[in-house]
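> The primary structure of each chain is shown beneath.
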Amino acid sequence: MNRIDQLFSKKQQNVLNIYCTAGYPTLNDTVPVMKALEAAGADMVELGMPFSDPLADGPVIQESSTKAIANGMSIKTLFSQLKDVRESVNLPIILMGYINPVLQFGVEAFLQQCAETGVDGIILPDLPMDEYEEEYRPLFEKYGLHLIFLITPETSDARIRKIDSLSRGFVYAVSSSSTTGKDKQFEGQQAYFERIKNMQLKNPVLIGFGIKDKATFESASAYSNGAIIGSAFVKALEAGGDVPQTVNKFVKAILQ
Amino acid sequence: MNIAVNTKGSKYHVNEKGYYGRFGGAYIPEMLYPNVEELRTKYLEIMSEPSFQQEFEALLRDYVGRPSPLYLAKRLSEKYGAQIYLKREDLNHTGAHKINNTIGQILLAKRLGKKRIIAETGAGQHGVATATVCALMGLECIVYMGSVDIQRQAPNVARMKMLGAEVIAATSGSQTLKDATNEAIRDWINNPVDTHYIIGSVVGPHPYPDMVARFQSVISEEIRAQLKEKTGNELPAYVIACVGGGSNAAGTFFHFTEEEGVKLVAVEAAGQGVHSGYSAATSQLGKIGVIHASKTLLMQTEDGQIVEPHSISAGLDYPGVGPMHAHLYESGRGLFLNATDDESLQAAYELCRLEGIIPALESAHALAKLKELELKPSDVVVVCLSGRGDKDLETYIKNLQK
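So the protein sequences, as listed, match chains R and V.
So the first sequence is residues 414 to 669, counted in the numbering used here.
So the second sequence is residues 134 to 535, counted in the numbering used here.
Hints in this document: simulated from the structure, not taken from any laboratory.
By construction, the Cβ of each residue, glycine as well, lies at the ideal position given by its N, Cα and C atoms.
Among the hints, a few may not be true.
Each pair of labels, with its calculated beta carbon distance range [what the hints assert, rightly or not]:
id : chain 1 : residue 1 : chain 2 : residue 2 : range
1  : V       : Gly271    : R       : Val656    : 50 to 56 angstroms
2  : V       : Gly246    : R       : Ser422    : 43 to 49 angstroms
3  : V       : Lys141    : R       : Glu547    : 17 to 23 angstroms
4  : R       : Lys662    : V       : Ser280    : 32 to 38 angstroms
5  : V       : Glu190    : R       : Glu547    : 38 to 44 angstroms
6  : V       : Lys207    : R       : Glu548    : 52 to 58 angstroms
7  : R       : Glu548    : V       : Val138    : 45 to 51 angstroms
8  : V       : Leu487    : R       : Ser493    : 45 to 51 angstroms
9  : R       : Lys610    : V       : Thr304    : 58 to 64 angstroms
10 : R       : Thr439    : V       : Glu190    : 56 to 62 angstroms
Computed list of chain R residues with no C-beta within reach of chain V, every gap over 10 angstroms [as the list claims (entries may be wrong)]:
id : residue
11 : Asn415
12 : Gln475
13 : Arg550
14 : Ser578
15 : Ala666
Construct the entire structure; sequences and hints are all you get.
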């Protein structure tokens with residue numbers, strides 16, 4: 414069973430998914446960050462595959478990507494770091510990135526490596542749903558990998574249904590129409606969260622974008638199965654210091 | 134004028150799925166889906182409306198000054214042994230072909246009920262053209278421009294500000310056109326409802342490449358009519374245009390793509406030399422990939438990171454080309470050449486001295502390749518003079534003194 418499905422079969426509320434950029438703050442921090450996340454009590458990890466031109470991301474994640482690329486991170490390097498990750502990390506692992514580097518790596522080669530290293534899910538925000546359905550879906554299924562799609566407040570009900578039918582693992586509900594790390598308030602988003610909740614999707618729903626602390630995590634989780642924190646965590650890592658300690662402090666502040 | 138002309142069944146125009154051959158599409162995050170989908174379902178319908186076409190035509194005629202002349206450049210013709218015509222887009226209001234598209238898109242934005250306009254710009258010509266139509270229509274205008282380009286195209290930055298636009302510096306990456314485009318797309322993601330993004334070239338997600346090409350197709354439509362009048366034959370032997378993203382080339386080629394006897398020559402910026410590491414010659418250096426939501430030829434590393442391009446002309450300093458051009462290149466329908474920074478400067482000085490016209494550095498790339506074509510005296514050649522060189526004076530003066 415895919416680890417994402419396992420997680421949601423055990424836990425339906427307050428699921429905490431933390432995003433971090435692979436190869437950040439230093440090249441070899443990827444696995445130590447994941448270990449520390451698991452030890453601190455996070456439920457899932459989303460690893461960003463850095464891209465030179467990350468359109469959907471705000472400045473914090475873009476800068477971490479630029480730094481990670483400068484550190485020498487690439488998809489190839491990432492897979493070499495993840496080679497033995499399953500000996501030390503049990504968290505579901507999601508790789509998030511943009512389609513171009515994956516196309517250059519080769520889509521099937523990429524999925525095969527994901528399966529071999531124990532990756533569970535993939536988020537590719539700029540892969541169109543139709544293209545996935547027509548071209549790539551059988552490959553994802555062949556390797557047992559979940560593709561997670563995004564929805565936004567502007568996504569129509571009909572399209573949300575379609576996205577829900579194609580998504581596996583969970584649906585990623587972007588809290589407001591924005592790039593990552595925008596400091597938008599949740600007020601005014603309740604109607605959207607209620608709408609999603611009332612749609613009774615077949616997949617669990619995690620809310621992301623703008624979640625940065627205990628308060629925002631809890632208010633998002635009140636409408637969904639949990640939330641995803643990205644920019645705030647990257648910022649915490651950026652501030653420096655001992656990585657396991659920083660991670661522990663950050664996660665505990667949200668969960669306790 | 135027929136900007137809604139039916140191109141179904143064409144090998145070189147966009148198909149129903151938004152592709153040119155294997156290039157094109159709409160690789161957009163969900164946050165942009167409603168905006169792009171709204172455009173996709175409405176652009177042809179709106180462009181077909183008689184009231185839209187009347188307004189577009191009237192503005193092009195009375196505000197832009199169209200049709201732009203097709204000028205037989207006698208001394209240039211003599212030098213290269215052919216009948217060389219210049220399509221004088223430099224004489225348009227705001228000094229380049231870019232205004233054709235911004236007039237079209239602002240009319241479209243108004244019909245879509247948008248209140249706020251964003252744009253990206255490299256050389257500043259598209260930024261000026263966008264600021265101009267926003268002033269004309271009384272809409273808020275925000276232009277993203279790489280901070281390097283802000284420095285090298287100062288006169289256009291001043292123009293935009295004078296026209297009431299806010300110019301925002303893109304400070305990431307190479308701080309040029311690619312990064313300005315990223316910032317504009319981010320703005321659009323953050324403002325999904327009231328904002329229209331006026332893309333200045335035939336790049337971006339479908340329907341932009343086709344929409345922009347259609348607004349620019351007035352260029353080739355006029356060329357055909359003007360050639361018929363001047364020579365009795367509406368089909369030239371060659372049409373030549375420079376290509377960064379490729380909007381002036383798309384407009385120059387549009388009504389000739391199905392005329393296989395007309396050679397379509399696209400000239401890219403070789404910078405300091407195609408293989409110097411400082412180049413923007415995408416068809417030579419690019420591999421298929423996705424940039425700014427479109428699958429096209431793209432300069433990139435083996436790992437799929439986008440490579441910083443280089444060109445002396447800010448308008449050509451882009452690591453991709455429009456999907457239409459990628460397809461023209463791959464299918465062999467287009468002849469893709471490239472001109473170095475130096476060749477282009479020399480071509481610009483030559484045009485000044487032979488014809489009394491100071492071309493934009495972008496257009497000078499197209500002129501620079503006349504020497505490489507095997508021209509016969511009977512050959513009719515049309516070069517798109519996409520813009521005027523006022524904005525490049527500093528570069529021209531600096532290099533003249535060398």
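> Verify the CB-CB distance for threonine 439/R and glutamate 190/V against the hinted window 56 to 62 angstroms.
Given about 60 angstroms between the Cβ atoms, the range holds.
> Indicate whether the distance between the beta carbons of glutamate 548/R and valine 138/V respects the range 45 to 51 angstroms.
Hint violated: Cβ distance 31 angstroms, outside 45 to 51 angstroms.
> Checking a non-interface call: every C-beta of chain V should be farther than 10 angstroms from the C-beta of alanine 666/R. Is that right?
holds, 28 angstroms
> Just to be sure I understand the hint, the distance between the Cβ atoms of glycine 271/V and valine 656/R should be within 50 to 56 angstroms; is that true here?
Holds, since glycine 271/V and valine 656/R (Cβ atoms, about 53 angstroms apart) stay within the stated range.
> Could you see if the CB distance from glutamate 190/V to glutamate 547/R stays within 38 to 44 angstroms?
The hint (38 to 44 angstroms, Cβ to Cβ) holds, given that glutamate 190/V and glutamate 547/R are roughly 40 angstroms apart.
> In this structure, is the beta-carbon distance linking lysine 141/V and glutamate 547/R contained in 17 to 23 angstroms?
holds, 21 angstroms
> According to the definition I'm using, a residue is off the interface if its beta carbon is farther than 10 angstroms from all beta carbons of the partner; does arginine 550/R meet that for chain V?
Holds, because the least Cβ-Cβ distance between arginine 550/R and chain V comes to about 17 angstroms, which exceeds 10 angstroms.
> Hey, does serine 578/R actually stay past 10 angstroms from chain V on C-beta?
It holds; serine 578/R is separated from chain V by about 15 angstroms at its closest Cβ, greater than 10 angstroms.
> For the hint 52 to 58 angstroms, verify it against the beta carbon of lysine 207/V and that of glutamate 548/R.
holds, 54 angstroms
> If I take the minimum Cβ distance from asparagine 415/R to any residue of chain V, is it greater than 10 angstroms?
holds, 23 angstroms
> Quick check: does the Cβ-Cβ distance between glycine 246/V and serine 422/R fall within 43 to 49 angstroms?
Taking Cβ atoms as reference, glycine 246/V and serine 422/R lie about 46 angstroms apart, which means the hint holds.
> Do the Cβ positions of lysine 662/R and serine 280/V conform to the proposed distance bound of 32 to 38 angstroms?
Holds: the Cβ-Cβ distance is about 36 angstroms, inside 32 to 38 angstroms.
Consistency with the previously given hints fails for numbers 7, 8, 9 and 12, ordered from lowest to highest.
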